[in-house]
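Asker: Spelled out, the chains give:
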Amino acid sequence: MEASAGTQTSSDLSQLHELAQQVKALEKRLADLEERSPEDRVAIIVFSGDLDRALAAFIIATGAASMGQQVSMFFTFWGLGILRKQTQLSGKSFSQKMMAMMSPGSSESLPVSKMNYFGAGAKMLRGMMKAKNVNSLEEMIALARELGVRMIACEMSRDLMGIRESELVGGLDCGGVATYLGEALKSRASLFI
Amino acid sequence: MEASAGTQTSSDLSQLHELAQQVKALEKRLADLEERSPEDRVAIIVFSGDLDRALAAFIIATGAASMGQQVSMFFTFWGLGILRKQTQLSGKSFSQKMMAMMSPGSSESLPVSKMNYFGAGAKMLRGMMKAKNVNSLEEMIALARELGVRMIACEMSRDLMGIRESELVGGLDCGGVATYLGEALKSRASLFI
Amino acid sequence: MEASAGTQTSSDLSQLHELAQQVKALEKRLADLEERSPEDRVAIIVFSGDLDRALAAFIIATGAASMGQQVSMFFTFWGLGILRKQTQLSGKSFSQKMMAMMSPGSSESLPVSKMNYFGAGAKMLRGMMKAKNVNSLEEMIALARELGVRMIACEMSRDLMGIRESELVGGLDCGGVATYLGEALKSRASLFI
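Chains as they are written, first to last, in the working numbering: chain S, -1 to 191; chain Y, -1 to 191; chain G, -1 to 191.
Just chain S, same shape as in the assembly:
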């Protein structure tokens, strides 16, 4: 009886050790998976500089932020136009000047992607939004800030088009594709708008 109890205990003991090893291995795999699982994040590339797409981007961004997501918006190419507050031509190359002059001077003069008719479409859309008490784009940008949405201006696009920090609205981060991917790769949803 004593012997049998002893044997049992020793066999239990080895089983216990084995189990402890298994639990330790599971713990490691779980920690690894936790590390690699999507976080409560949403990453949005705003490539388009159209009013209607900008509105869609900010409606999604502020909606996601309201639902507790950490939202990053990465403004690149034409999307930088949404963040422009003024245009400075001095110090720009000929091409950069051309591009600056032909691009909207600020968010207030963005076109719509369809039926713009030299700004009539954009004006109509803004009027329809006002009639329905929908926030204007500028109000949405302010709301996004309040909700802690991270807005990143694409460094390469800025450099390419020669856009200075003083031409853009304040409170922007600056970054490249690695900055964007750093956010996107751990996000629940990535959108290219």
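Hints may be right or wrong, so weigh each one.
The list makes no distinction among identical chains, and a pair is therefore deemed to hold if it is satisfied within one copy or across any two copies.
[Stated by the list, open to error] Straight line, CA to CA, 20 Å or less: simulated SDA-like cross-link-like pairs of lysine to any residue:
#1 Lys112 <-> Met96
#2 Lys184 <-> Glu32
#3 Lys112 <-> Phe92
#4 Lys83 <-> Met138
#5 Lys95 <-> Tyr115
#6 Lys95 <-> Met126
#7 Lys128 <-> Gly174
#8 Lys130 <-> Gln94
#9 Lys121 <-> Gly146
#10 Lys130 <-> Arg156
#11 Lys184 <-> Glu37
#12 Lys184 <-> Leu31
#13 Lys121 <-> Ser155
#14 Lys121 <-> Asp157
#15 Lys184 <-> Ser35
#16 Lys95 <-> Glu163
#17 Lys128 <-> Ala118
#18 Lys121 <-> Phe92
Everything labelled a hint here was simulated from the structure, so no lab data went into it.
On the provided structure of chain S, position chains Y and G as indicated by the hints.
Answerer: Okay, now just chains Y and G, sitting in the frame of chain S:
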């Protein structure tokens, strides 16, 4: 020997309790991770009202549904035009009438995003699809329904453009950005088309 | 004492067995979750055939590949134009010929999505990129290859437009929506460009 067996057992016992605690903690972390992991879902925002992009959206949606994913399509802005079956002008504001008259009357008159030439491009694309026995957009919409794809009409866009339920095809859900995000945040893939 | 030790051991033993069962169950759930968790992958649909959007796609693709992600680019509709190296009209239907003649003959003649002005915009953008020592689109395509980015030409689009393999650059995979979804559903980020 007895004493030693007793000590061993008591030490085993505390180890066993400790291990049980660890397993319970792992179980909780795992349940939490399971809760937060992507489900077999795909969420697609259909912002564009172009025939070619609508086709891409429905090819992806029906493909994903065939592969066992629960697919949601959220139609917003110009995308609502894909679901239009008729246009009612009465009761619309001036801007809403303008927009309705200048938008395609139904899925059959959607333009293509490039080389549309007043509808010739769209007609050509439809002809090429027919020649190759590719499903038409209308057949794809029907297939999406059969496969249980959830189609959601954006409430805010509908309200903005004054589009009534009777102007849209049947069997649609209605919802806002929260409805979309509710799907997107637990999806394997999110697309903005 | 002996009896009590024996009882304790037997109760421990059943606890131990129970625990082992729990660990086994956890292991199964964890393996299942690992299987279903996003891999280090990024999947990009390149639908657009515009130079600016193609650049954005390749900047993201090569950036993600540099960061250790397995990147797939799925070229469909107009996006196939980015991979074109020449145009063969013989054997094409009337519509296919029309489409081929009105589409860019190669990546070098892609338009920009805004302010193209019959190619002047694209030329200006290329000039600005050169001035800033940014890789050209063709260099980015070569870099993507070097980094092991998988480029897939959409079979259905190719068939629809009658585009032969000899009209496209080499080293492409061919596939349909299932090929794309096979990548996208296990990716960290999916984009539709």
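Asker: All hints are to be evaluated individually against the structure, with a verdict given for each.
Answerer: Evaluated hints:
In the homo-oligomer, the alpha carbons of Lys112 and Met96 lie at most 20 Å apart only across protomers (13 Å), although the nearest pairing inside one protomer, at 23 Å, exceeds that limit. In this assembly of identical chains, the alpha carbons of Lys184 and Glu32 lie at most 20 Å apart whether taken from the same copy (11 Å) or from different copies (16 Å). Only between protomers do Lys112 and Phe92 lie at most 20 Å apart by alpha-carbon distance; the minimum there is 18 Å, versus 29 Å within a single protomer. For the homomeric pair Lys83 and Met138, the shortest alpha-carbon distance inside one copy (16 Å) is at most 20 Å, but the shortest distance between copies (32 Å) is not.
When the C-alpha separation of Lys95 and Tyr115 is checked against a cutoff of 20 Å, the pair qualifies only between copies, where the shortest distance is 16 Å, while the shortest distance within a copy is 24 Å. In this assembly of identical chains, the alpha carbons of Lys95 and Met126 lie at most 20 Å apart only when taken from different copies (11 Å versus 34 Å within one copy). Proximity of Lys128 to Gly174 under the C-alpha cut-off of 20 Å is restricted to the inter-copy arrangement: shortest distance 18 Å between copies versus 35 Å within a copy. In the homo-oligomer, the alpha carbons of Lys130 and Gln94 lie at most 20 Å apart only across protomers (12 Å), although the nearest pairing inside one protomer, at 38 Å, exceeds that limit.
Neither within a single protomer nor between protomers do Lys121 and Gly146 lie at most 20 Å apart by alpha-carbon distance, with minima of 29 Å and 39 Å respectively. Taking CA atoms no more than 20 Å apart as the test, Lys130 paired with Arg156 passes between copies only; the shortest distance there is 11 Å, against 35 Å inside one copy. In the homo-oligomer, the alpha carbons of Lys184 and Glu37 lie at most 20 Å apart both inside one protomer (6 Å) and across protomers (11 Å), since each shortest distance falls under that limit. Proximity of Lys184 and Leu31 under a CA criterion of 20 Å is satisfied in both settings, with 12 Å inside one chain copy and 14 Å between copies.
Taking the closest pair of Cα atoms, Lys121 and Ser155 come within 20 Å of each other only across two copies (16 Å); inside a single copy the shortest separation is 28 Å, beyond that limit. Taking the closest pair of Cα atoms, Lys121 and Asp157 come within 20 Å of each other only across two copies (18 Å); inside a single copy the shortest separation is 31 Å, beyond that limit. Within a single copy, Lys184 and Ser35 get their C-alpha atoms as close as 7 Å, and across copies as close as 12 Å, so both meet the 20 Å cut-off. Taking identical chains as interchangeable, the C-alpha atoms of Lys95 and Glu163 lie at most 20 Å apart only when both belong to the same chain, with a minimum of 16 Å there against 42 Å between chains.
For the identical chains of this complex, Lys128 and Ala118 are intra-copy neighbours only, at 15 Å inside a copy versus 36 Å across copies, given an alpha-carbon limit of 20 Å. Taking identical chains as interchangeable, the C-alpha atoms of Lys121 and Phe92 lie at most 20 Å apart only when they sit on different chains, with a minimum of 13 Å there against 31 Å within one chain.
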